[in-house]
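Enquirer: Chain order of the listed sequences is W and P.
Position 419 of the first sequence, counted from 1, bears residue number 419 in this note's numbering, the numbering being contiguous throughout.
Position 167 of the second sequence, counted from 1, bears residue number 167 in this note's numbering, the numbering being contiguous throughout.
Hints listed in this document are in silico derivations from the structure and should not be mistaken for laboratory results.
Here the structure is a predicted model, which means the values were calculated and not measured.
Hints should not be assumed to be uniformly reliable.
[Stated by the list, open to error] Stretch by stretch, here's where chain P covers chain W in the computed footprint (C-beta under 8 Å, at least three residues):
| # | region |
| --- | --- |
| 1 | 96–106 |
| 2 | 128–139 |
| 3 | 194–201 |
| 4 | 351–362 |
| 5 | 440–452 |
C-beta atoms are modelled at their ideal positions from N, C-alpha and C, and glycine is treated no differently.
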Amino acid sequence: MNNINMSFDLYHLWQVCGGQLILIVAGLLLILVDIILMEKDQEIRGRWMGWLTVFIFAATIGHLACREWDLHDTIFMNVFSADKYSIFISIVMTCAGLLAAMMSIGYLRNNGLVRGEYYILLVFAVAGAIGLIQSVDLLMMFITLEVMSLAIYALAAFLKDSSYSQEGAFKYFLLGSFGSALFLFGVAIIYGTTGTLNITQMAQYISGGSYSTLPILVAFAMIMAGFFFKMAMVPFHMWTPDVYEGAPSVITGFMATAVKAAAFGVFMKVLFVGFTPILASSGQPDFAATVNLSALGPYWKPVIWWLALLSMFIGNLIAVSQSNIKRMLAYSSIAHAGYMAVGIIAANGEGRMGVLFYLFAYTLMNIGAFGVVYLIDGMERKAQDLEDYRGLGYIYPSLSFLLSLFLVAMAGLPPTAGFIAKFYVFAAAIKEGYFLLAALGVLTSVIGAYYYLRVIYLMYMKEKVKDVERGPIAAPTVVALVIAALGVVYLGLLPENLASVANLAQQSLAMIF
Amino acid sequence: MVQLLFFYFALVVIGLGLRIVTCKNPVHSVLLMLLLFFHMAGLYLLLNAEFLAAVQVIVYAGAILVLYLFVLFLVNLREEIKMSPFVQKGKWAGLVAALALLITFLRGVFNFTLGPHGQYTIEKVQQITHTKAMGEAIYTTYILPFEIAGLILLVAVIGGLALAKKEDKGA
Chain W
1 MNNINMSFDL YHLWQVCGGQ LILIVAGLLL ILVDIILMEK DQEIRGRWMG WLTVFIFAAT
61 IGHLACREWD LHDTIFMNVF SADKYSIFIS IVMTCAGLLA AMMSIGYLRN NGLVRGEYYI
121 LLVFAVAGAI GLIQSVDLLM MFITLEVMSL AIYALAAFLK DSSYSQEGAF KYFLLGSFGS
181 ALFLFGVAII YGTTGTLNIT QMAQYISGGS YSTLPILVAF AMIMAGFFFK MAMVPFHMWT
241 PDVYEGAPSV ITGFMATAVK AAAFGVFMKV LFVGFTPILA SSGQPDFAAT VNLSALGPYW
301 KPVIWWLALL SMFIGNLIAV SQSNIKRMLA YSSIAHAGYM AVGIIAANGE GRMGVLFYLF
361 AYTLMNIGAF GVVYLIDGME RKAQDLEDYR GLGYIYPSLS FLLSLFLVAM AGLPPTAGFI
421 AKFYVFAAAI KEGYFLLAAL GVLTSVIGAY YYLRVIYLMY MKEKVKDVER GPIAAPTVVA
481 LVIAALGVVY LGLLPENLAS VANLAQQSLA MIF
Chain P
1 MVQLLFFYFA LVVIGLGLRI VTCKNPVHSV LLMLLLFFHM AGLYLLLNAE FLAAVQVIVY
61 AGAILVLYLF VLFLVNLREE IKMSPFVQKG KWAGLVAALA LLITFLRGVF NFTLGPHGQY
121 TIEKVQQITH TKAMGEAIYT TYILPFEIAG LILLVAVIGG LALAKKEDKG A
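Bound conformation, chain W alone (with noise of 0.2 Å):
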């Protein structure tokens, strides 16, 4: 505590948060470059801007992937962390960011909405969510989470004319808000009854047994709430499917992926570093030695055995009766946080390794189909009901088979990435002995391949009976969306190299100090 001058200095700050810090900076430098191009012509403003902001988030990528993947180090006390897994999932949540930028230059134009605040917003959501993945301290996680949150809030309400912006918008400040809350009360009680904020510290404590559960179950269920939320699992899901609708095209891609991304790493990591550590295997001696590591495992498990179950089956049983599209693929996406959810419950190092890996998957072929949905739209809302999708095979074909791909994907079917995901998440779960949990999933996902396919079946074997005219389509989105289609391809064919390094980043896990 009194040797502040040595643990903290700004070289050693940019060396574990670079990515952090190049966002944050980089978001500061775009408000200037916003107020210099307000002389502009709107076309040349927001170009710049968009272009600016992909430049930032793949120069963050890059230093992500090759300055800090190897480093293994914590600053400011054990106040932010960097080590494999902490970057891996910055990496997924910047790429959601990359894609949702190169989308949002054509989306932005195609509504007449050129506004820099857009993505200073988006860059300080990505910003934020970084800072979440790689905080150890709860204090940190709940700052870092209301930067991203607030931004993201913004974001959805980003559509001014539209009331269901507004609506979708306002529910989610309010519930968010309240989901905050809950994580705030439950930090509370984990500083009160183990007297730090540290998640490493805290398990120590915990290890060390001589506490009283009671409290310390009351504050994580509290804190389990808060990032469910987040996550939109089942019984706190009620705000997403409006959200989604409501919000802008790419920013329900953006929202749907990386806010979840950053929600189920910073849960993952709370629960395997904090309440039930997986075995540290360097440095820490007392934490070999004790028994208790794995003593609130019989608490937490049942607790998202069910979550997990109900998420899948109403995320997909909704899902099926959605008219709007926009509304089915968020009824869809909270039957993937159930998914996700199974690999958490195995608690074993491929059960990790497979939720990474979904992350992931599910970050390319998300935001690929909102993509499109975006693009088909024209300008929001013109063309989101499923009828409209009748016959689109013929009149855009190239558009009508990313989407198609991008739904095969989320049905799970090989040879894509989604099939991989749930391959690995399911292997997990059986190897732990859940099989009623996997059967169960799988009887789901095939109840969700029924709605997704559907979409499919529209599109190639129905007559159109509505005209639609979709949009001006931008360059940047093309190349985002072949980029997200051959990146699903590619993991659902060759998954080794992905899996693999997601393997290492579940190891360093353990190694959180």
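Based on these hints, arrange chain P on the given structure of chain W.
Expert: This is chain P only, laid out in the frame that chain W set:
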């Protein structure tokens, strides 16, 4: 005496909180909230946290409430918009959920054991005064969270600006 004061402040805070959300007239709500903030400041004073109490009064009661009032007068809510609730049985489900939460909290609170203490004991805080202790903690131990909390404000300002600014429909 201290306990009596605590229970007075705590009960008034809870009662006022309930009244604020059930109040029909928003101006009354805001004025009751002023009272609430003063009682919260009282709670902080009982904890020897005079700096927090002062900030509570100056920032919340002084600045934020005035903003609330301004917004209320600008928005000019005359009549209440009534809508039938989407979920009809919501009241009872809500009651059950709230009771379950309350029981969980109470069980957690009654089994509460205080963890190890930090370096700022009561004696130390009294010795170096609360304001100085808090300043030291914020600007040394918690400097990084403190800086990033600034980022929250920046994001909120940009977001608020983006949503409030009049659309310049061009192009």
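Enquirer: Are the hints correct? Go through all of them and say.
Expert: Status of each hint after checking the structure:
1. For the region 96–106 of chain W, the proposed coverage by chain P is not satisfied: 0 residues have a C-beta within less than 8 Å of a C-beta in that chain, short of the threshold of three.
2. For the region 128–139 of chain W, the assignment as covered by chain P holds, since 4 residues bring a beta-carbon within under 8 Å of that chain's beta-carbons and 3 suffice.
3. Counting residues of the region 194–201 of chain W whose C-beta lies closer than 8 Å to any C-beta of chain P gives 3; at least three are required, and the coverage claim holds.
4. Given a C-beta distance limit of less than 8 Å, the hint that chain P covers the region 351–362 of chain W is violated, as 0 residues qualify and 3 are needed.
5. With 0 residues having a beta carbon nearer than 8 Å to a beta carbon of chain P, the region 440–452 of chain W misses the requirement of three or more and the stated coverage is violated.
Hint violations for this structure: numbers 1, 4, 5, all remaining hints satisfied.
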